[in-house]
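Peer 1: Please take these sequences and the hints and turn them into a complete structure.
Protein chains: 2
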Amino acid sequence: MTESCISRHAIEQMPDRFRASFINCLSGFKSANLIGTCAQRGQQENVAIVSSVVHVGANPPLLGMVMRPHTVVRDTLDNINATGVYTINHVSTHWTQQAHQTSARYPSEVSEFDATGLTAWYSDTFAAPFVQQSPIKLAMQLQSITPIALNNTQFVIGSIEEVWLDATGIDESGRIDLATHNVASVAGLDTYYRASRIGRYPYAKPE
Amino acid sequence: MTESCISRHAIEQMPDRFRASFINCLSGFKSANLIGTCAQRGQQENVAIVSSVVHVGANPPLLGMVMRPHTVVRDTLDNINATGVYTINHVSTHWTQQAHQTSARYPSEVSEFDATGLTAWYSDTFAAPFVQQSPIKLAMQLQSITPIALNNTQFVIGSIEEVWLDATGIDESGRIDLATHNVASVAGLDTYYRASRIGRYPYAKPE
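Quick mapping for you: the protein sequence lines, in order, are chains Y and A. Position 100, counted from 1, in the first sequence is what the UniProt record's numbering calls 100; the numbers after and before it change by one each time, with no gaps. Position 64, counted from 1, in the second sequence is what the UniProt record's numbering calls 64; the numbers after and before it change by one each time, with no gaps.
Rather than coming from a laboratory, the hints here were simulated on the basis of the structure. Where is the CB? At the ideal position from N, CA and C, for every residue including glycine. Keep in mind that a hint or two might mislead.
Stated by the list, open to error - Take a look, some chain Y residues computed to stay more than 10 Å from chain A by CB distance:
{"#": "1", "residue": "Ala39"}
{"#": "2", "residue": "Arg41"}
{"#": "3", "residue": "Pro61"}
{"#": "4", "residue": "His70"}
{"#": "5", "residue": "Gly84"}
{"#": "6", "residue": "Ser111"}
{"#": "7", "residue": "Ala115"}
{"#": "8", "residue": "Gly199"}
Said to hold, decoys possible - Here are the in silico distance ranges between beta carbons for each label pair:
{"#": "9", "chain 1": "A", "residue 1": "Val72", "chain 2": "Y", "residue 2": "Ala10", "range": "30 to 36 Å"}
{"#": "10", "chain 1": "A", "residue 1": "His9", "chain 2": "Y", "residue 2": "Ser196", "range": "30 to 36 Å"}
{"#": "11", "chain 1": "A", "residue 1": "Thr119", "chain 2": "Y", "residue 2": "Ser123", "range": "49 to 55 Å"}
{"#": "12", "chain 1": "A", "residue 1": "His9", "chain 2": "Y", "residue 2": "Ala10", "range": "50 to 56 Å"}
{"#": "13", "chain 1": "A", "residue 1": "Gln132", "chain 2": "Y", "residue 2": "Ser123", "range": "45 to 51 Å"}
{"#": "14", "chain 1": "Y", "residue 1": "Gly117", "chain 2": "A", "residue 2": "Ser123", "range": "19 to 25 Å"}
{"#": "15", "chain 1": "Y", "residue 1": "Leu150", "chain 2": "A", "residue 2": "Ser173", "range": "24 to 30 Å"}
{"#": "16", "chain 1": "Y", "residue 1": "Asn151", "chain 2": "A", "residue 2": "Gln13", "range": "28 to 34 Å"}
Peer 2: So, in structure tokens, the structure goes:
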């Protein structure tokens with residue numbers, strides 16, 4: 001196997017779609033998540049796939065995601081701004097194609113739940129719709145939206161208010177075995193994966 | 001399988017380590033990356049594992065990562081601030097344990113390259129050290145550091161200046177098959193995975 005160097009200059013010369021595919025692979029395996037929102041409870045529901053969810057902190061429990069306004073997630077961002085709440089739902093290995101289909105540019109008045117056969121579900125206490133089929137569902141309260149001036153994206157941070165899952169999957173140290181929960185991951189723009197465990201290692205200390 | 005709800009209140013009652021394990025699993029499968037830095041070329045080299053690398057944009061090519069100052073990555077952040085450059089190196093499924101060991105709190109004067117048996121390698125044109133064993137290596141130029149006031153972390157964004165990989169693994173659409181490159185992923189704080197492909201779907205359009 002011989003390695004070669006692809007320079008910044010070569011990246012800039014790539015056709016737009018080729019570059020988008022290539023650069024989207026360079027961040028490695030990504031979490032595949034459906035973001036559930038609505039204009040108000042049960043009204044004008046929206047669900048959109050994102051692959052930019054990232055851990056921000058455990059105490060308080062915070063997750064971030066990078067979003068690009070004026071794209072297919074515009075309705076999602078509008079709803080988050082209007083209501084202050086959203087859900088993050090892990091995509092299952094059993095229905096990655098339905099999850100991917102939420103990335104189509106449906107008109108605002110079309111619910112991607114209806115269009116893709118996913119089911120909106122509400123808990124008693126939270127105003128945004130979860131994806132019923134999802135093995136791990138998170139209720140998120142918007143905490144901050146930070147503009148990223150470099151490319152006009154936004155870094156959206158929310159706090160975790162509810163976690164819905166099969167709690168028997170939480171081990172004595174607080175871990176969730178994501179593979180047992182059939183949680184999928186995604187690479188690039190269009191390729192979905194299942195994971196199998198290589199190893200688990202103790203808290204690292206200098207020898 | 002019966003689902004139950006873990007509330008924000010229940011999360012706050014968890015012991016610190018249990019909560020850290022639990023919340024770190026909720027962001028799903030994460031990219032496993034080694035960040036290579038040095039005080040100056042070949043001097044005081046540092047390599048540290050992170051799992052918070054996220055795609056920010058393709059044009060210009062930007063990646064972000066969430067970092068917590070005053071922790072084991074302090075040397076990494078100091079070097080990035082001082083030199084403006086760093087590398088992102090994908091962890092291979094063949095040496096996840098060595099990669100994990102870089103998270104130990106070695107003294108600043110100890111190189112994690114030496115301590116873990118990973119090899120520092122320099123390209124002709126870039127001042128920060130790559131991890132020679134890594135199947136996909138990225139040279140990064142610091143673009144911005146945004147403080148996250150919510151929990152005193154920092155969102156570090158860099159541009160991709162060089163990509164080192166086996167270029168035969170790039171397909172006609174610009175995709176890289178990360179599984180073929182033996183790229184690993186991580187869940188939570190300590191569990192590493194290999195991935196196998198479920199499916200690849202066309203650009204989604206409304207039916």
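Peer 1: Is it true that the C-beta distance of His9 of chain A to Ala10 of chain Y lies inside 50 to 56 Å, as the hint says?
Peer 2: holds, 52 Å
Peer 1: Would the least Cβ to Cβ distance between Arg41 of chain Y and chain A come out above 10 Å?
Peer 2: holds, 17 Å
Peer 1: Taking the Cβ atom of Thr119 of chain A and the Cβ atom of Ser123 of chain Y, is their distance within the range 49 to 55 Å?
Peer 2: Since the Cβ atoms of Thr119 of chain A and Ser123 of chain Y sit about 50 Å apart, the hinted range of 49 to 55 Å holds.
Peer 1: Taking the CB of His9 of chain A and the CB of Ser196 of chain Y, does the distance hold inside 30 to 36 Å?
Peer 2: holds, 35 Å
Peer 1: Is it true that the C-beta distance of Asn151 of chain Y to Gln13 of chain A lies inside 28 to 34 Å, as the hint says?
Peer 2: violated, 40 Å
Peer 1: Closest CB-CB distance from Gly84 of chain Y to chain A, is it above 10 Å?
Peer 2: Gly84 of chain Y is indeed farther than 10 Å from all Cβ atoms of chain A, at 15 Å.
Peer 1: Once the closest CB in chain A is found, is it more than 10 Å from Pro61 of chain Y?
Peer 2: Check fails; 5 Å does not lie beyond 10 Å.
Peer 1: Measuring from beta carbon to beta carbon, are Leu150 of chain Y and Ser173 of chain A in 24 to 30 Å?
Peer 2: holds, 26 Å
Peer 1: Please check whether the beta-carbon of Ala115 of chain Y is more than 10 Å away from every beta-carbon in chain A.
Peer 2: Label violated. Min Cβ-Cβ 7 Å, cutoff 10 Å.
Peer 1: Does the beta carbon distance between Gly117 of chain Y and Ser123 of chain A stay inside 19 to 25 Å, or does it fall outside?
Peer 2: Violated, at about 49 Å.
Peer 1: Does His70 of chain Y sit more than 10 Å from chain A, CB to CB?
Peer 2: holds, 13 Å
Peer 1: Confirm or reject the statement that Ser111 of chain Y sits farther than 10 Å, beta carbon to beta carbon, from all of chain A.
Peer 2: holds, 12 Å
The earlier numbered hints that this structure contradicts are 3, 7, 8, 14, 16.
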